[in-house]
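Enquirer: Protein chains in written order, with my numbering: chain V, 1 to 272; chain U, 1 to 76; chain D, 1 to 360.
Do not rely on the hints blindly, as some may be mistaken.
To be verified - Simulated coverage check for chain U against chain V, where a stretch passes if three residues somewhere in it have a Cβ under 8 Å from a Cβ of chain V:
| no. | region |
| --- | --- |
| 1 | 2-11 |
| 2 | 20-26 |
| 3 | 40-50 |
| 4 | 56-63 |
Hint data in this document are derived by calculation from the structure and do not stem from the laboratory. Built from N, CA and C at the ideal position, the CB exists for glycine as well.
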Amino acid sequence: MEEQFAKLDIRKDENIVYKRTPLLVDRPLSYCPGCGHGTVHRMLMETLEEMDIQDKTIGISPVGCSVLAYDFLNIDMLGAAHGRAPALATAIKRMWPDKFVFTYQGDGDLAAIGTAETIHACNRGENFVIIFINNGIYGMTGGQMAPTTLPGMRSSTSPYGRDEKTMGHPLRMTELVAQLPGTYFVTRQAVHTPNHVRRTKKALRKAFENQKLNVGISFIEVVSNCNSGWKMTPVNSNKWMEDNMFPYYPLGDIKVDGKIVEPKAVTAKAGE
Amino acid sequence: MAKIKGDIVINVERCKGCEVCLASCPTSVIGMAKEVNSKGYHFAIKVNDTCTGCMNCALVCPDGVITVYRAKVTAE
Amino acid sequence: MGELRLMKGNEAVAEAAIRAGCDGYFGYPITPQSEIMEYLMVEKPHERTGMVVLQAESEVASINMLYGGAGTGKMVMTSSSSPGISLMQEGISYMAGAELPCLIVNVVRGGPGLGTIQPSQADYFQAVKGGGHGDYHMIVLAPASVQEMSDFVKLGFDLAFKYRTPVLILSDGAIGQMMEKVELFDPIPRRTNEEVIRQCPWAATGKPKERDHIIITSLDLDPAGQEKINLKLQAKYRQMKKDEVRFEMIQCEDAEYIFIAFGLSARICQKAMDIARAKNIKVGLFRPVTLFPFPAKAIAEISKKVKGMLVVEMNAGQMIEDVRLSLDSPQKVEHYGRFGGIIPAPDEVVSALEQQIIGG
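Model the full structure from these sequences, guided by the hints.
Expert: Okay, structure coming up:
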C-alpha cells in the first residue's frame, strides 16, 4: 500500500541523501519509541564517520538507559560503573592522548552519583568530550526522581511532585561546569526537531574537533524526553519538554572557546 | 523545467511508531499504518507522493529507520 | 646484582612501579601510604618512562581510572590504606567481572571505621574473600619485607596480565613505613602502544576496520550469559589454586609446633621462633605468601607432622578460618592476635604458644 506512492525512478543509490550511518551497529535500539537517545547516538556516529575517526575513538557508556550504548555504537567502548565514566575517560585520554575519548551519561549518572567525577574531570581540564543526556528522570530504573527533575514534577519517588523544600532543587550541571576554567566548550542542545538535531550535530563536531587542540573538556548537554517516565506519548513529551524543560534548561551555547557566551539569568521555573 | 523530487523508504520492521517524524514533515507525506509490525508497533508509512527529500523525518527519527532519496527530474 | 638502596617499603613500591614499566598510577592520599604517590611525584616518572601519575579526587575515582586504563590494555596501579580500599570495592568488583588487570596496594591500618593509622592485618577477609559484591577473588600477595614490597609489584603485574585479574598487595603500615635494604630489579621498558595493542587483543584501543568493536563491561543481562562469565571466573580461580600458590617454610623440618603467619606477623614469629627454640621448643614457621590462592594443601600436609599450630595475626582471627578449612582432620589450631594497630611482641607470641598450644 505504501508502495503506491513509491518513486521507483529515483530510488537509486546515487540519489540517497540520507541513510543510517554504518557506524551504528545494524540492530534495533533498546530505547523506548520516540526516545532522544537514538537520535543522539546517530548524530554522534555521523560525526565520527565524517571525521573518519572510528578507529581512533574510545567511548564510555554509563549506567542508566544508555548502559547498552556499546551495543549500538560500532566503536571500542567501556561500560563504566554508575557515575564513574569521567574517571575512566581521564585515565584513557591521559594514557592514549592521540585517541578521541568521550563519555555518554544520563542525568542520574552525571549529576547525582557521578557529580564528583564530573566536576573534577571538568576542573582538571581533561581533554575529552562529555555528552550529557538530561531527561529529568531515572528512566532505566522506572521513573524515579533525578537531580534534574523539575519542581512540582511527578516521578515514582516524588509521586506528589518534586517539593524543593524537602527534595532539593533541580541541578543545572551545565551552567555549573561552565564556571570551571577546565571546560572549553559548554552547550545545551536538543534533538526533537530537525533544526535542533542539526545544531546538536554541529556541537558534537566542534567538541570532537576541540580534542585535537588539547584545550579542556567539551560538555554537551542534550535536553531530552522520557515519554515512558513522563507517561506521555512521544509527541506530547516533546511538547511538554519545550514548555517545561526548556525554560529551566535554556538551549544554546554557554561557553565557547573557553569564554562564557552570555551569563543568562535563568529564572523561569516549570509551570510558570 | 527541472524540479526536485524526493522519496523515502521506511524500514517498517525497525519503526517503533513514535510519530515524531509526522510533525517534522513539511508536506505531510507520512502517516501511520493500521497494521502493526512484528514488534506490534503501528509503523510510519508514506501517504502521498509530495516528498521533497528534505530529510527532516530521517533526522528526527530516533531509530534511524528512514532512508531519503532526492533527485532533479525534468517535469513531464 | 641489582641496584641496592635503603628505602621505605612505600618508596620501594613506587620505585618498583616505575621500573616494572607501569603506565599509570592513580591514587588519593591516606596515611600510612602517602609516600607512594609522593615518591612518584618527586621522581617525575613521566620524564623517566612516560608513566602517568595522577592525584585523583577520591579512591572511588582512582579505582575507576584503573578500570579505564586497564580496559585499554595499560598497566595501571593504585595504592591506599584500609578505608580507601573499602571505597574501591565497587570498582574492584567491576574489574574482576570485566576481567581487567591491575595492581592495588593496601598498606593496611587498624579498623573498623577510621580506626587508627597504625599497622594491622584486619583487611584479610576483605582481600581474600572478594571484598565487593559478586563471586570473585583477587590474587593477594603478602609481603613481609621492603624487598618483597618491590618484588611483588613486578610479580603482581605479571600475574594480573597472565590472568586478567586485579591483584592486591596486602601490606601494612609497618612494612610500608620501615626502612630496609632493597635490591631493585633492572628497569623494564614500558610497552609501546603497538605492543599494548598486540599483547592485549581484548582491550578497547580503537576499532580498526578489520575487527569487531570491543566492549569492556561486567554486564550481561542474560542470566545464562552471566553464569557463563561466572563459570569462566571460577575456572580461572581453580587454575590459580593449581599454579600460583606461594609460601615459605622456615625451620619446619624438625618442628613439633608451627606458627602460621603472613606479612609483618611472620617477621614477629621468626623472632618468636628464635626465643622458643632457645627454650628447646621446636617450632617452625609457615608463611603464606599468596593469601589467595591460599596454600591449603601445604598446610594440610604439615599439620599432620606437628602437634599443634598457632595462627598469629594482627586481627581478631581471620586467616585462621582458611587454615581450619585446609585441614583434612581436626587438628589443634589456635589463634593469637592483637588488633587496632597493636603489634604483638615476640615474647607474647611465645607465651601464647606455650599456653594455648603446648600447655593447652
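Enquirer: Next, verify each hint and record whether it holds.
Expert: Each hint tested on the structure:
With 5 residues having a beta carbon nearer than 8 Å to a beta carbon of chain V, the region 2-11 of chain U meets the requirement of three or more and the stated coverage holds. Counting residues of the region 20-26 of chain U whose C-beta lies closer than 8 Å to any C-beta of chain V gives 4; at least three are required, and the coverage claim holds. For a cut-off of 8 Å, the count of residues in the region 40-50 of chain U with a CB near a CB of chain V stands at 6, and the three-residue condition holds. Interface restraint, the region 56-63 of chain U with chain V: holds (7 residues with C-beta to C-beta distance below 8 Å; minimum three).
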